[in-house]
Structures are given as C-alpha cells and as structure tokens.
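Trainee: Listed below are the residues making up each chain.
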Amino acid sequence: MTERVGVYVCHCGSNIAGTVDVVDVANWAAEKLGRQGVIIAREYKFMCSSLGQELIEKDIKELGLTRVVVAACSPHLHEKTFRTAAKNAGLNPYLVELASIREQVSWVHSDKAVATAKAKAVVSGAVSRVIENRPLEEIKVPINPNTLVVGGGIAGIQSALEIANAGFHVYLVEREPSIGGHMAQFDKTFPTLDCSACILTPRMVEAGTHPNITLLTWSEVTNVAGYVGNFHVTIKKKARFINEELCTGCGICQEKCPKKVIDDVYEAGLGYRKAVYTPFAQAVPNFPVMDKENCTYFIKGTCKACEKFCPTGAIDFNQQDEMLHIDVGNIVLATGYDLFDARRVSNYGYGRLPNVFTSLEFERLSNAAGPTAGNIVLRDGKTVPKNVGIIHCVGSRDKNFNNYCSVICCMQGLKFAHLVHERTGATVYNFYIDMRTAYKAYDEFYQRVLEEGTLFVRGKVAEVTDAARNEREKGRLIIQVEDTLAGKQRRIPVDMVILSSGLQPRADAKEVGKLFGISCSMDGWFTEKHPKLDPVATMTEGIYIVGCAQGPKDIPSSVAQGAAASARVLDKILQKEVALEPIKASVDSALCSGCRICNGLCPFNAITFIEDDKVTEINPALCQGCGTCVAACPAGAISGTGFSNEQIIAQIDGLMMKNLEPVEA
Amino acid sequence: MKPKFAMYWAASCGGCEIAVLNTHEKILDVDANFDVVFWPVAMDAKYHDVEAMEDGSILLTLFNGGIRNDENEHIAKLLRQKSKILVAFGSCACEGCIPGLANLSPVGDIVHTAFNTLTTDNPNEIYPRTSYDVPEGELHIPTLSRMVRPLEQVVDVDYFMPGCPPESHQIAAVIDLVIKVVKGEAELPPKGSVIGAGDSTVCDECPRARNVKFIKEFKRIQDVAPVDPALCLLEQGIPCNGPATRSGCNARCPQAGAQCIGCYGPAEGVMDYGARLITAFSSVIDANTPEEIDHILDGIPDPTGQVYRFNLAGSLLKANKEAWKVER
Amino acid sequence: MPHMTDERVRAGMTREEDLSLLNEVSMKTAGVSHLEMCIQCGTCGGSCPVAADMDHTPRMLFAMLRAGMREEVLRSNTPWLCVSCYHCVVRCPQEVHIADVMYTLKGMAIHAKLYTDSTAPHFSQTFVGMVETFGRGYELGLATRHYLRHFPLRLPGMMPMGLGMISKGRMAITPKRIKHMDQLTKILDRAKELELTS
Amino acid sequence: MTDQFEPTIIGFTCNWCSYRASDLAGTARMKYAPNVRLIRLMCSGRLDPTFVLRALSDGADGVMITGCHPGECHYIEQNYKALRRYLLLKRVLAGMGIEPERVKLVWASAAEGAKFAAETTAFVEEVRKLGPLSWGKDESQDKHSSFIIQPSSEKEVPA
Amino acid sequence: MNKYLLYPGCSMDSSAKAYMESLNSIVEPLDLHLEEIEDWNCCGATEYLGINLIPAYSLIARNLALAAKQTDSTRTVVAPCSACYLNLAKADYYMQERPTLGAKVNEALAAGGLEYKAGMLDVRHLIDVLVYDVGLDAIRKAVTHPLSGLKVVPYMGCMLPRPDYQHRWSDHEHPTELDDLLRALGADVIDYPLTTSCCGGHMTQIGPETAFELIHRLVSDADERGAQMMVTVCPMCQMNIDAYQNEMNHFFGTDFHMPILFFTQLMGLAFGKEPGEVGIGVELVSSRNALAHIGVEVPVTQEPAAPRKKDEGLPMPRRWTKHEGKKEAVK
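Chains as they are written, first to last, in our numbering: chain A, 465 to 1129; chain B, 504 to 831; chain C, 22 to 219; chain D, 4 to 162; chain E, 19 to 349.
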C-alpha cells in the first residue's frame, strides 16, 4: 500500500526562514517527492504552536495521512510535541519523523541557496525514512517497591532513610563491617566545625534500627539482572565468623584477641586493630568481624581465644559466605571515593619522609578517638610540630595524575590549618594554586583562618625535601615553592607537611559500573544522565548515583544528592509502572544460526543464548535499544524497531536524492 | 509434450555443470520429464536455434556463470526472452563468484596480465582483437565488458540458486520440486526467492561447539596447530565465513576441518555480504585501543578478498574504484 | 630624568599588545608546547634549581609571553640559565614543555640579538660552530676559546684543571672529525633553509 | 559560488553525544561546511558497515561516523565496537581502491559543538582534496557499451 | 645474547674515557654486544637546540638514520651519555608528536641521502639496558669482588629520568635503578635525595658561580650523609663534579674531597677487574682513599704538573675559521 505522507516545513520565525527558502522547500517536496507518497506539503510560521499542531491534526483526519514529516528543529526539542499531535489525531506517534533544518541547516550555514538545497535533502531523507517507520507502542512495566542502596556512607544512609521514612523497604549494602563511610573517620567538619561523629552517629543508629531498612554490612553485590522496576540482585554476605543472633557486641573477643594488625582502612594505617574487630566504637552494627587473613587460628590452627572468652558462644569458625537474592525496583549507588595515593607524587616525599602526612592520616591524628587521642604530633608519636605546611591540590588539577579539581581540598586545608593552630599554636602555611571557597559560609571560614594568622603562599609546591642547604634547614622538611605573588622561589623549613590529597573514583568503579550497567566518565566517576538537569539519574533507568561516586563533593552536597535520589525513587515507586521507549532489538529465530557472535556484545545482559534451541534471544525489557547487535548480526537475523535497517537505508537513499530518480525497470 | 529445459555456461568454471551430473540417477528424471532443447555442454545446439524459438517456450533455464563479455550478455538476454523460469544457477550467476574477483582490477590490466607478463611468452606483444577478417567474412571474438556482472544485473531473474557449485542434493531437490510443479502437485515459491538453500547461515548446520567469542589474534588455518576439531573455528581465531554465509551445504567445509569460505552467499534479506562479515569479525575482537585492534586485524592479510571472495560483483560497491574507469 | 619617564609612559600607553607572541613561540617549539595551558601555578619556578639567579621565573616569563611583552621576554636571562634538568617539565600539571620553550626563546633572542649577556649565546654558537666543522664536540678548543673570550682572567685559575685533564688524557689536543662531513653539511644547510621558510 | 568541487557526505551521529554536539553547534550558531547530511542513530554501535557501503554506492564522496568518546558511551562500551568495525571496514574499503581518508571516525561529546563543527569542516576539506568518488557513475553506460580491447600491435595473431 | 647499537657520544673518548674503558671491561662478563653506529656525529648537547630548531633535530636525526641502517639484529640504540640519550630519544618522540617537524627533518636528511621513520628505533640508556635487559640477577652472578663497605651515593642526574616520554624509569624524582644496581654489586648505598638534582650542566662554562652553587649542594649533601664517593651515569655530571670541585671549594672556601666515578667503573671492580682496566686514576678528585675501604689499591698516578707561571698559557689549537670545514671538503 502506498503511504500518504504530509510534509510540514516550519519557518521558526526567521530562525529557519531567514536562511532557508521554506516556501521553495515545501513546493519542491510536493512536486518531487510525490512518487514517494507526499500528498501535501505546507509551510507555517511556527509549527510547534498550537495552531501549527492543529494544522497537522486536521490533515491527518481530513486527508487521511498515514505518515508525517515535520521539517523544523532538533528532534530532541519537539519530537514529543508532534508525536503527541499525531496521537491526538489518531495516528500512531511513531509514524512522525522530524527533519532538523534549524540546528543542522539554518543556524550553521549562511548561504541561502546552499542551505535550501541541504534542507531539501534532509526533508527527502526524512520522507524516505518515515515510509519505513512502523507503528510502535510504549512498553509499560510494573515497579517493585523495594529499593537497594549500595554504600553506607553519609550519602547512602541519607538516601536509605528518606525512602524508609516514606514507608518503603530498603536494603542497605555496605562492603565494610560498619556503615559510616569516610565521614566516620573525620574529626571535625567544615565550615561549622561540628564534631563529625556527633552528627553522623545518630543517623547511623537510625539506619541500623529502622524497621524498613535491612542492613547488610560486610556484604557486596555480585550480580545484577533485570531492569527498572524489576532488578534481581545477588548479594554476597561475607562470613563474619560471628553468629549475629547470639552476639551482644560486648567487645570481650576484641579485648582477648592476641593478634594486633595495622588498620589500613579506618585508621588510615596510623593505628592498630585486632584480628577480630569492630572498626570503631560506634560501629553499626556493633557485631565484630573476624579478619581471616590475620587470625591466628585460621593461620596456625590454634588460639581460639575469642571463642573461649565469648560469654554467649557467638564465635563460629565454620561460618560460610552466604548468597542472598533480592528483588528491587530501583537502585541507588553511593559507593564513594578513594583517597588519591600521595606516594605517586614522589617529589612530595610521602612514604619516604616520615613527617609527610596525608589528609586522612591527619584526620585520624586530630581525632580524639584516633591513635594519638587527638594530639597532633610527628610520626615519632611525641614531638609537637612548630611549623606545619599544608599542600593543596595533591594529585588534583594535574595532568600527570587527576585532571579535575577535588572540590573539598581547599576547605579541608583550611580546616586543618585551624585545627593545627588551635591544638598546637604552630605556624601554619597553606600552599595553594587557587583558593576555592564557594558555597554558604565557606569563604567566611577562610576569613577566620586568615584572622588566626595562617600564612598563605600562592604557588603549587615543587618539592618537599630533607636535603638541607644551610643550618636553618637541617633536620627539617623543606618546602620549595615559587611564591607566585612575590615572583620568587622560596624554601620554607617546617616540621610537618600535610598533603591535601584529592579524591578519586573507587579502584573498582569501572567493574561496579559494568555490574550495574552504567558508564564512567573519562576520569572514572559514574556518569549522570544530565550534568545539570538530571544529576542523580543515570542513562540506565532505575539506577541512581549519589555522593562522591558521581564526582568529588563535600558532605552537604552528598546529603542533598542522597535525598534527591530518594525523591526520584519514590516518584517511580508511586507511579507503580514505568513506560519504556519501544526502541528494541529482537531476533528472528528462523534466521538465527546460533553463531553466538552477538553474545559478547550487550553490556546490559539482554542477550541470552538458548542452549536447547541453539538460538539467541533478546530480552526486550533489558534491551536499551543501542542497536549494536542489530548491526553485528552476520546473518541479518536481528532487527531493531525505531532504527531499522530499512529506515536507515531509505534515509541514506533519500539524503542522496536517490528517491527522485525513476524506478528502473 | 514435455516441458522444455535449457542450461547455459557463461563466465564460470564449469563446476556447476558437473554438479548437475553429480545428481547421479536424478539426471534421468530430468530427461524423463523435460525435453532438453539447449545445453551446450551436453548436446549440440546452435544459438540461432534458440533465437528461432518462441518467446517463453522454455519452461526452465539454469543459467550458470556471470556476465563477462558481450556473448554472455547476448545469451542471457536471449534465454530470458525464451524462458518462463530463469534460474541464476550457482555462485557466478548469483553474485559473480571467483571470476568476479577480476573486478578488483581494471579489465585492461587483466588482459595485460594474461597476455604480457613474465609467465607469458609474448615478445611481439600480440593481443587478441575483437574482429578478424577471414575468408568466410568478418569473425567476431566476444568482447570483454568492463566488469563481471551477476545475471541479475543484466536481466530479470526468477530464482537464485547459490553455491560453488550448488550441492547436488539441493539440485536434486529443486528438480523434484519443478517436476512436482509441472505435475500440478506443488506451487512455485515467490519470484525472486533463493532456492536450493536455507535462510539461515552455515553455523546453523555446523556441528562444532560454539561459545561467546573473544579473539585476541586472527590466524590463517595453516598457522593454527592443532585445530580443535570440535570447536567453532572462529573461536580459534580462524576467520571462518560461516556466520555470514547462507546455509544449505550442510556445513561441508567446517565439517571437513576447513573454514567456510562463503560460496553460498549472504543469508536471507542481507543487502551486502561483505558488510556482514566485517561486522562478524570485528564483533569478536577483544581489544579497545586502535593500535591493538589494528594489530589483531593484521591477522587477516587480505580483508577485501576475505569478505568478498564470492560476492564482489554482487556487492554494493561491485568493483574496485579503478575498475569503474573506462579508459585504461 | 623626566624625559625618560615620558618615553616610558608613552610606550606603555601606545604599545599594542603583541598577542601573536605566544602562538609564535608555541609554533617554533619542538613537540606540542601546551604553552597556552599554563595556569600560573608556579611549579616551574618552584622546581628550578637556578631560579635564584633568574630575573624572571619561568612562570612569569609565560605570563609575559601572554601579555605580548616580546622585548622583555627576549632580553630575559631566564632561558640562558635553564640547565635543562626537566624537573619543571615532569612536574608541570599542564604538561607545558618548559625546557623546549626555553630553547625556542634562546633561538629567538639570538635571532633578534636581544640577549643582554653574550656569554651563553656565544658559548652555544662556538659549540655549534665546532660541531658544524668537525661533526664532533671538541672540548679543549671549546673551553679555551670560550674562556679566552669571556673569562680571560679566570683562565689561569682554570689551568690546573685543564692541565690535569690533558695530562690524564681526558682532553684531546686535536679535534676528531667524522668521515662524511660533507653529508652532514648538506643536511644542516638544507635544515637551515627549511628553518627560514617555516 | 566558485566552481570548486562540493563533496556530498553522509554523516552518522549517535543520539546522545555527537547528535547533541551538532545541536549545540546549531544553538551556538557555529558556521560549518554544509556538505554533510546527518543521520541519527541511537549509538555509533548501531552503525552497520552496510550503511557506509550504501552511502558510497549511492554516490556519497565521504562518510563521517561520530560517537561518544571512548569510555563515555551512553551504552557503556558500544562505541568501542563501532571502532573495531570501522577499522576493519577501512581495510576492506582500501582493497576497493577507496582512500581511507574518505571514511572518518570522530569522537565528540554532547558538549563539543565546536569540535563537531571544526571536524566537519576539516573533513569536508579533506574529501574535497581527494576529489569526487562518484561511485559507479558510469554503470549505466556499461550496460550498453562493452569495453573494447584495442589491438596494441599491428601484428596478426598467428592462426 | 644482548645485542645493541652503540652511540658513544663525543665525551666517551675524551673527558669520559674512563666510562668507555670501564664499559669495555664489562661487556664480556655480561655477554653484551655493542655495535658502534657508523660515522655518528655529535648530538648537539644542550647547545644546538637553543639556536636553530630544525638543524638541531636534523643533526640528532642523522644518527638515528644511520643507526636505522644497521638494524639487522637489533633495533635498540644504547647511549651511555645522558645528554645524548635524551637528545636521541626526544628527537624520536617529537618527530612523532609533531609530524610537521618529522617531515622537515626528513627533508633535511634527504639532502644527505638519508631518512628516518620516527618510532622505528628504541633509544635507551646504558643503565636501562643493564638493569632491565641484562638484569640484576645476571649482574649479581658476575660479581666476584663485592663492594661491601663502600659507602656510595647514587647520582642519576637529571637528563636520564626526565622528561621520560617513553616511560622507561621507575620514577622521575627518585628512580631506584642505580641504587638497585649498586646494591647488586654489594655497595653500601646511601639514600640520596638529590639523586636527580642538576649538576649545573653547561653553567660551568657560561655562569660558573651558578654551577658552583649546584655542585656545592650535591657534594655537601653527599658528604653530610657520610658518602665516600658519588657514583654517576653521566659524563657531564662526572666532569662537572670532578673537574670543577676544586674551583667550587675555592669559591665557597670549603674543603670537600668527594670523588665521583662512573657506575661501570664500580661494576668492573666488582667483576674483579684491575683499577687500571676500568679507568680509575684519571679522575681529578682521587678515589684512592675511598677505594681503600674495599681493599682496592689504586696505583699512585703522576700528579698533574704544577701550575705554570702566570704568563704561560695553555697550548692553543690551530686557529679555527668558520669556513674551515668547507675548505677541507674542497681539497
């Protein structure tokens, strides 16, 4: 059957008509594309106006149009508008095609003749294509009201609490033995200098005891299948070797355990823990875990001191890892960040010069619950520094390491300066490239630190060395820097150097992204759907990213994002079902030979091989519509709706004006 | 009166004719059910006899070979005119086949290579001419065309029967079908169909085990030792054309331990065979950097020949850019 | 002198900013200079082992390049003091090819005859002259000629060292010459032509 | 208008990055060469080599393929698959006598309108330099007039 | 068998002849095969680059082009001199990074009938080859006289680990290759924070005060850390610290006596060679006392002749004119 095509050319005021002869384009289409089925071609001042839409609706009804081409702006702007208009007139919305003659023609070219000629080609392509369009229906799927939150730092806790408080169930999964994240390691938080533990602990307890939250610590997600509304998640609950039913969290096992281990995680390598431990006193949950690698019993086969002394018999050396399977409708990723490894900047001497500290080390050093009970001392454990240098941008804003600004380091450096000043009275230098203290009450804090007498040197530190050139420098750390405001190189001897290390994506961010089907930016942070207008959603529906997993940010922003993602999740849950774009791939099993070439191509696990029938199948719910498998199938057995081979070939022919030539006999 | 049958041999090797004979006693059915009016390899007949026939008087013509010269073209048009059912028989007629690879070079180069290279002793540089004066008058030698064309590019074709040559059991099946149609026991498939072959690809009939493929290195089969007899050849890094090649041969080559070279042409509905192989090979490459991918691709020494061995003349581009040029 | 002030003021007011300078230096530098990427962090100036003797730190020089201060830049002693230790290059967060930019500036200063102290340019030219003549370096000739020209008073002080080197066979009395000097000369002549046309 | 050769080029864009880059170039009114006619795909991974072959056999002088930067694919990693296909396709095209410069792969993020415009103009210039491809322009003649081989020597073929 | 093309550089048969002699002494125990590049020329040091870009890179590239003609059995060029290594490696890299530079250099080379396709050679420094190809294990095996008790500071200098476009070194600031190698010889290696600081380079010629300051930093820190000697991989570093140490002492009024040897000299000693075989004794700051710690007896060499009278100058070379080279060519 021949299609009845209507072509509508928009002036967009003078936006298009100023450069493209729209009347000519419409006349040309009516005349030259008649063979293609164009029965009417009109031009109009603003097609997207309600009058413009009515024009199309009227033609559909009165002229019986079966296809519509609107030559106007980018489909990203008004595709929906015209599809809705078609739908209102009783035409399947997917039988409408937009030809972009504004963004791709009138706005980017100046010569009217050339622009008009190109506009004709673009319209010709769209007409050829639209004939091959097929009616499609949106796909509706129900939403499971449960939510998975991965990562129990402040962003994840906030997100979990918001959803749980709204009355829906949340699984909160955390890799470490306790929730709390990096914030639990900090002493004070800028700019208000609240005690970190004081504001965090109540939230942790709330999350730990909330009836709507299932807390799964010492656990990791190992597999994710399904799609928005219907994710099937596998979680590995690692063996704690503690029976959680019996453990009261009394702490006797830790006391009795004879094995001391350097705590690289919570204490940033500055302190010790036992082989059976809770990372810190306020840990949630309060059950300890046994560190199998270091436990004397697991290594040598004897000891069991913990078991002997446990009053409730909660120690269980035979516990095994457990696999849990849960179904959720939405997933929030709050997997946080890793601290930049300052050893990589070898000119700063971290790891070689004892009194060079990282920011996280300093957090523990200044923390009253830390290894020195909050005394700021050198690595010898006793000497109080008289001069302290704080170096900003360590590993950040540096093409040798990480390109981006880590956001928090300036404020962190100021906070450290204040703490050093307050606790030791030492002279403090801050070395910075640019002071970045945007946001509420931040610059005021900078002012306060200036007032306290901290010295600021504008210059990226060149090196920290112990090679003294004179008596004054002997036995100290010398910070060599160009004071760019004075235009002179300076060598400043200090006792302690604190590196304000940057934040970087988790070492396994790429794998985690793959697991959940989302992508990472070049820097390795999870990519949001839109950097400004959709910062917590991702390109994969039903998966949200919050906190530092999405990019470096401070506590207030992390909390805001956690709450924002929850709002999005609740929105989805309350809609009860979700509509998916019908751009999908499918396999014609009669043509599929089971060569399995497409099997390795789908990052969304939509492609499965049916061993019994020796054919491949595509799960339409998982399919995201990229079309890679369609293009890959060597047998031509896979086709894709919305962007079919026929549509695209027709569009190529149309763009090349092949549709104008008479059909060959 | 028995319906009339014809078979013609244009630009091809003659293997298709042998394949027909390879149907063994089935050939007797042909004789029993048809009146063979024109089959130069099997019986004597003159072109003017065919020219004298009534249009549409031949029921079935199996035309093998591509169109390489004006004689081929003339007979193709002639047989089209005289036949009810014209079948492009075999890879050459369907898609150009090996003779079609000549389209990688300008025809002048081909003549030059044939008549004046190191292996040809032609000190006086004598080239053939298209017409000669002989006592009987002017003699015409067929003139080479610029490029090899499959039958479809010259005349309207009813059915396509792929294969180099078509498998004998498939030929037998087609003969049976036509006989049934003649007897009114069966219907002809829609015009333009591929007959005597499957719709899917060689993998469908290949018994080798297949898994998800991640290839770090392509190798020619002689460089793989030992070749796993039970595992997909592509999975072993051997560029096997099976995934893109139409089924119907019972995966003869892979079953015999060699990679499929693609003689049955593209699967149903495929526009360009080479494109399907490009995408098949590139999809199994396990590398992300251009350097590494290029390194892996180096393992396919002649990519154009690899993906268009049988299909060049029938592909979208049909011939090398140089071959399009008229002048030499 | 009021006259001087006037001139300076006038120069400052009327001087057109030479915005092409940065690009010119960039184009004349081997490799991709990334000069336009400088964020003025001072890593180079902080890293430089001889910064104390420079009249401008490398960072300042780059700021001056941006400001189009051609003459001031080419008169600066900074490029001549550069010891090519590449500390700044590997530390630069913006991957500016600082050492190579310094080479470029030296070449431009020689070309414009704008250097203030001739010691270094002459040393380079003497060295290059030796290489262009013999195809090899010739330490004794170089040192002697150079010291005679620029530190004649220091020459006697250096004598024990020089004699020590000679007596220990570490300084050849006569220069060495490569076999195909003509080939090298042809190459360098062509290269010089190319340099002029680019 | 000068009478210089104006190539016709078919461009393929992915819906998420490069098409948006072209939108951005438009919104920013960046002027670029008008020779490229774009086709929107969902992903550069959708690019079937057939499309490129079809465009060339339809008479296009060049084909520009664009997609998200490596590692930034909306579909996680499908642009790598496009890269693999592209590299093999170029090799096959080279065997068909088509200059590799006629088919170009460009990465452009949604923010890189300027890059999109600049790359487009640069590519048009490159193809302009190569001259028309005009694939199979003489095909119709071929159907009627066959290639005649002229005798290159006066000597007779020995009988 | 480890086969390489050798680019010795100008200093190897003059100021750094001890380096060459000691290198020759270790090739056999380590099964190294070094084939000298035919008719190589000076790399231009740090001087030519500061005058003319394309001639400078053409000068360097001539060596690469010559080496490329000798790549029958290896495509690795080894340079023992850090400055030579840097120039060769950098030219190779920049010719790739800036193809226009590569094209121009090749145009110049063509005038001499040569060409060089950037990237076809691997340019490496001697110590890189010794540590990563020959390997520390093989070196350890060749040691017959461990250097136990010899306190050394490893001095890598600056041009070796930087800018390191080819990523060959463990670190830009504190590379450990030399430390590891000296430890393999049994020496007592002192952590030396200035291991990649500058020796002053050509500043000894054009701004001696600046150079003395840099030499002073190095020598005084080595001394402070209790080193008996410095060990280097670079002829320029050796020359500056050895030959100018006395001058530097005068300038600062200090009294340092810090010998500096090439690492190959210590390798030779550890492999059981005699001091004379490895060029010991030609250094101006004698290593005699230092080597006594490991029981190596350095024969007393003739002290340099006493300073001549003030009115007597050094012997002058033949007068040099700008066109001298061309005249000869005409002859």
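These aren't lab readings, by the way, just hints derived from the structure by calculation.
Mixed in with the good hints, there may be bad ones.
No farther apart than 25 Å at their CA atoms in a straight line, the calculated lysine-lysine pairs in the BS3-like style are these [claimed, not checked]: (1) C:K189 <-> E:K159; (2) B:K828 <-> A:K1122; (3) C:K49 <-> C:K213.
Trainee: If a hint holds in the structure, say so; if it doesn't, say that too.
Mentor: Hints versus structure:
For the suggested pair K189 (chain C) and K159 (chain E), the alpha carbons sit about 33 Å apart, so the restraint of at most 25 Å is broken. The straight-line distance between the Cα atoms of K828 (chain B) and K1122 (chain A) is roughly 22 Å, inside the 25 Å bound, and the hint therefore holds. At most 25 Å may separate the alpha-carbon atoms for a hinted pair to count; K49 (chain C) and K213 (chain C) meet this at roughly 14 Å.
In this structure, only the earlier hint numbered 1 is contradicted, and the remaining ones agree with it.
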